Structures are given as structure tokens and as C-alpha cells.
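As you go down the protein sequences, you meet chains A and B in turn. Going by my numbering, the first residue of the first sequence is number 1, and it counts up by one from there. Going by my numbering, the first residue of the second sequence is number 1, and it counts up by one from there.
Some clues are possibly wrong.
Note that the list lumps identical chains together, so a pair holds whenever it fits in one copy or between two copies.
Straight-line alpha carbon distances no greater than 30 Å define the calculated DSS-like cross-link-like pairs of lysine-lysine that follow [unchecked claim]:
#1 Lys-285 to Lys-87
#2 Lys-55 to Lys-31
#3 Lys-301 to Lys-191
#4 Lys-241 to Lys-398
#5 Lys-284 to Lys-302
#6 Lys-87 to Lys-63
Simulated from the structure, these hints should not be mistaken for laboratory data. This one's a predicted model, so the numbers in the text were calculated from it and none came from an experiment.
There are 2 protein chains.
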Amino acid sequence: MSLIVQKFGGSSVADAERVFNVANIVTDTYKAGNSVVVVVSAQGDTTDDLIAKAKEINESPSKREMDMLLSTGEQISISLLAMAIEKLGFPVVSLTGWQVGVHTDSNYSNSRIRKIDHERLQKELDKKNIVIVAGFQGINRYGDITTLGRGGSDTSAVALAAALHADLCEIYTDVDGVYTTDPRIVKNAAKLKEITFDEMLELASLGANVLHNRSVEMGKKYNVNMCVRSSLTRAEGTIVKEVVDMEKMMVRGIAKDSDVARISICGIEDTPGKAFRIFTLLAKKSINVDIILQSIGRDGKKDISFTVTETNLEEALRLLEENKDTIAYENLSWTKDVSKISIVGAGMVSNPGVAAKMFEALYEAQININMISTSEIKVSVLIDSALADKAVRVIHDKFDLA
Amino acid sequence: MSLIVQKFGGSSVADAERVFNVANIVTDTYKAGNSVVVVVSAQGDTTDDLIAKAKEINESPSKREMDMLLSTGEQISISLLAMAIEKLGFPVVSLTGWQVGVHTDSNYSNSRIRKIDHERLQKELDKKNIVIVAGFQGINRYGDITTLGRGGSDTSAVALAAALHADLCEIYTDVDGVYTTDPRIVKNAAKLKEITFDEMLELASLGANVLHNRSVEMGKKYNVNMCVRSSLTRAEGTIVKEVVDMEKMMVRGIAKDSDVARISICGIEDTPGKAFRIFTLLAKKSINVDIILQSIGRDGKKDISFTVTETNLEEALRLLEENKDTIAYENLSWTKDVSKISIVGAGMVSNPGVAAKMFEALYEAQININMISTSEIKVSVLIDSALADKAVRVIHDKFDLA
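Next comes chain A alone, as it looks inside the complex (with noise of 0.2 Å):
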């Protein structure tokens, strides 16, 4: 026998029907003789149409009650997935986050889970219930709801399975697994196996949707046995382990992330302090800055060119120019027409062809390459925009997932 925790997101439990289809694959792992634990989103546009009726009244509500508004979506879930388990005839209860004891920080809306006290969530195992909980929520020291922010189920499902010690976390999504890359843009992308942690915090922070990276960190850390598959098709899906076998595929996947601009800083003084002195400054207000590239001094000046998501452009911008005498550059421009494609693989970092490999695809393809990033399993270059579904697709080939 073992326990198992499944994490339903806001879409697969979006009307009776659905609700149903995940009663059954819930009772069914039940009636294989496993202790079940279920963790759950809010319905479909739930969370959405709450936050609609609350900026009707206020535009900018506190947090602290935007996540005693908010909590009420999985809340509502958790009670009619119950329901639905009750009436296939199984034992079941459901728990919200403060019964399941989720102890949090008091960061309302975007809390960080501090433990989680199991005591009652056993009781109803022991019971021989299944136990469905409220993900995404939690209570912080002072009694309060607070909310987990954006991927909080993935991560409320890991630190469950984390904590009773689960022998295995189904995160099951729209999707049927991890991909060698976006299916939609390479039709022969190939459905991984397996992927390691570091592999899949990669592509996740690359813009492969499919798990959000704080989950992924929380499974790392715990070493919690993963897997992503689909609640539609219940085929077999990926599983996210610390270890795979890495001499099979150097390259593990590819990914795109559009959701880029670069900003390039011309007429720098070279003198010591200055990347300091600029990174610093956006740190200050959470922008976080991808790659950076900085030109080798001339003339006693330089240029440092970096990339930010494109929803923190403007603020970038406005801090640059406000800190122009202070920094002392000449000018700044900045582009939103580029694309990060990364290719990723734990098995990197022993092979030292793959960065060259890739840039082989993208010279064959005529694609001219403006920024390069590498880490220990990845390596990230910026192109035009309007070539980067090409580019995925000629270094898919090139590394021969199919």
C-alpha cells in the first residue's frame, strides 16, 4: 500500500462533469488499495470572478482580506469534490488549509509555507478516508488565511507529500507530461520520461507552463517523487526525480520564452561600481534581470546589455533614465523583439559540444544570435522574435528528440 498525493488544478475540476472525471481517477487509485490525498484548485474562473467582485468595491484591497476572499475558491472546490466522492460511495472529508494545520508566513498573497502540523490529516488517513484538501492557502501565526500566490497548489500538493512522506506527488494538468519541447511549435516533440529536478526547474523558469518552479524547489529539496500527467487522457505521464540516467540525452528539452526585453546601457564609464551600482538599483524593486552581457572596455567606456521580463520594461526604463547622472552612460535603448530559446539537459555540463552544437543549428538556419547565457545545464541564446519558433525547431532536429 502506498500514500499518494494528486493535485487537481482549476481546470480539471471546472464544472460537475469534470468534477466527476477526477472523483474517478481519485477512487480509483483508492480502490488499488492506496491511502489518497487530494489537493485541489478553485473552479475554473472562480478566483477570477472574485477578484472582479472585489475591485468593484475597491481597487486595491488589502492583501490580508484579498486572501480571505480569494480562499474561498478552493474551499468551494475541495466541499463538492467531497461530495461527488461520497456519491460514488467512498469515505472521504475534506480539509482546508488551516484544518490541514498549512503554517505559513504572513506575506498575505504570496506566502511561503514555514511547516505543516499532519496531526489531523493522519487522523482521517488512518480513518481510512480520502482526504481532499484546499490547496493554494494556508494560516499564519497570528490565525489569519493567507494565500500561496501563483502555483500555490503544485507547491501545497509537494510539501503535503513532502511532510507524510508520500511515496509518490501526481501533479496532473491539461497537458500529458513534459516535452522535449512546446508541441505546438515542433509536431514530432517527443514526451520525456523522465527529468530531473534541476532539468524541469529549468524549463519551467524557461516558460514551459507545466509546473511552477517553487514546487519543483520544494520537491528537490525534500526529494519527493513527481510526476505530471494528465487527468483527461490518464496516460503515463513524467516523472520528476533527483536522478535520471544522463548519458542517454544530453539534451533534455527545449524551450521558448518570449516574455523578454533587452535594455542596453551605451557609454559607460569603465570604472569599478558600476554594474553594481545598476543591478542594485532594479534589485531594489524586484526586477529580476536574466542575462547580462557586458562589452570589453574602450576608449574608457563600455556597454552592459541585460534582459528583464517585458512587464517590468517600463519600470526598468524609468529607473535608468531617473539614475542617469549617477550611473553616467551616454544613452540606453532597448528592444521587446527578442526571444530566449534555452536547450536544457543535466548532462551538459560533461559535453562540451552541446553549446557548439546549437549554435551550428542556428548559423545553418541563418539565425543571428544577439545575447548568450550558459549555466551548468543550460544554455540560453537571445534571437529576433520572429525566428524563434524556427530556431526551436531546427535545434530539435538538430539534437535529434523527435
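Chain B: place on chain A using the hints.
Just chain B now, with coordinates in the frame of chain A:
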């Protein structure tokens, strides 16, 4: 400085505009230097919508899961009202039933409040916060969410007022007070300035749907100063308290109850134990019997008539028919075409002429009385339904209640 508990029903917070209307009443009370605790019900049709969602999945869900679902309705309204009050620039915090510490028994969907641990609430009041509390809900010894059943939010408000030793508990409804009778029947019905708990109890149980009985009983038990008023007109309402000036008005109000059916069991053997047998039979099935009339035995036979609510009629008849042999009666007759008209007033007991005056009014209008029932503060008569409104009018005139 006073501590005031204000309760607003679902229609008072049905949309954004009404939420702001309530926010204005609350903040005006706060601005006047009072500490304010606000109890809110679920918005307009929210509860019905949630019930419909549940029924789509399971016709008879467990009451525990139903309470889990329905309690989200009040959680939504408290957060929205808090956001409106934030918008008006006042310090506010919303609290659910479990956060307030409303401890109940485990009779899901119809729980009774056991005690209120108001430590958190008091702490918020000490911080000069306006406190918005979710009505209708509590928590049981297992840490599960419970709901209080019909009239639950009124009960929450009165219980909180009692626990906090509030100076006043204002119940805001869509009527602006308690009237001498239904203003839809008698145009010149007068609004009462004051009424006793006992009178209010009799009026509530007789169909004057202003306050739920449970809340009035609790108000009486803990001697809470209560007040019924309208959230729309803000007019001075009706004070409900332990003692009012009894000399001033013997008859406080007139109530009509049309949800009445009369059953007559004729030709029962005139031996001891018959009434016991009949009413035990009905009590076992939770069928409430109201007026009972037993004829004097004649020729070794007697008749027993009594009233039940119309919803209970069918089951009562079935029970009596099934037990015809044990009860040993000749025949059964029944009618739904009856209404109960009652006059209520705490001063009645010391004024023997009151009942006679009521009967005189009915005689003058040629209205026949079927059955009569009296208590210390009430006289009820059963009459033909078609004449019920007329009866209310002539009695109202007779006692000069306008």
C-alpha cells in the same frame, strides 16, 4: 463609548452599492465613538447558488460537506464589506466563525452555539479595529466548520453581543421595525417603539418574520438589548428588551399564520391514555402540534382536534391511519382552509377582558371561531382562512392599535 453589534442580512449586502450602504452605517457608528462588531450573512442568492452547485453533484451530500461549502458565502461577504470599509479609510478586519471562536455542537447544518472564545475579537477591538464577523457559522470540537441553520446570523449576532457584554445589538433587516400587525393587511398598522422578548417570541412563532426565535430566546436568556431596524431607511426601529411599560398597551400586536392545518379524530373511546398515545406518535416523528382541543366525553366517546403545519399534514394523517386500531377511533377529518389569528401582549395576563374583547370583535364581524388557545401573553383563534385578513383588521381596530 458603547460597544455595538450590528447584524446585516443577505439582501443588505447583495451588491457593491448595498455593501457601501452598510459600510456607511457601520463607519457612522464608529465615527460616533463606538466600538463596532458587524455580523454579516452571505450575499443575496449566494447560498442558493451554492446549494444548486452541490445538488448538481450529489442530491444528498453529507451535512458536514454542505457546511464546508455554504460557509464560504459569509466568508465572501465579510471580506467584501471589509474592503469597502478600507476604501472609506477606516481600520477594519474580517473574521470567520472559527477565527472568532464560535464553538458549536456537531449537529451539522443546524448547530447550536456552545461558547464564544472572544479573545481574538477583543484584541482587534482594543486595536480600534472595526470587526466584521461571518454570521451563521462556527467550529465544532473536531475543528470542523458548522453552520447554525435558519436565522443563524441573527443568532450569531446576539450570541456575540452576549459574550462581549455589548451595549446594544442592532438587527438590520428590510423592514424598519416590529409592527402591531402585518402592514400589508392593515394599512394603519403602527410601528412599536418597544416590545418584550416574550412578546417578540410569540410574534415570531406566529409568523411575524422579523427575528428568528432562536436569537430572541438567546437575547432573553442573556438579557441583550436588541433593536430591529432597516438598513435602507435607517429609521428608528423597535427595541426588544426584558420589560417594557406594560400598562400602556395590553395588546402589543396581532399575528396571522396561514401555514396551519386542522386534524380531527372523531369517536375515540373515552378511556385514559388516548391523548398520550396520539401525541407521542406524532412527537416521535418530530411533528409539532399547536392548538389542541378535546371534547368532553359523551356516550363513552370523545373527539380530539389539533393543528399542525401544512407541511406536516400528510405525514400526520399517514401515522394516524396506520395506527387506527391501536388508537381506536371512528373517523378522521382534516382541512387546510384555516388560519390562526393571535393577539400578543405581556400585559394580557392581568387583564381578563382582553380575550373577550377579541371574541367580541370577531362576533361583530360575524366570523366563526373554530378553536381557541390561550397562554399568559397570547390568545389565538382558529378561523376560516378566507376571513383571516378581515379578522386581523377588526381586531386591530377594536384594540385601537393604529
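Consistency of the hints with the structure:
1. Lys-285 to Lys-87: Cα proximity of Lys-285 and Lys-87: across copies only (26 Å, versus 51 Å in one copy).
2. Lys-55 to Lys-31: between (44 Å within a copy, 25 Å between copies)
3. Lys-301 to Lys-191: neither (48 Å within a copy, 87 Å between copies)
4. Lys-241 to Lys-398: For Lys-241 and Lys-398, only the intra-copy Cα distance (26 Å) is at most 30 Å; the inter-copy one is 86 Å.
5. Lys-284 to Lys-302: Only inside one copy: Lys-284 and Lys-302 sit 24 Å apart there, 92 Å across copies, limit 30 Å.
6. Lys-87 to Lys-63: between (37 Å within a copy, 13 Å between copies)
Figure legend: structure checked against the earlier numbered hints; the only hint not met is number 3.
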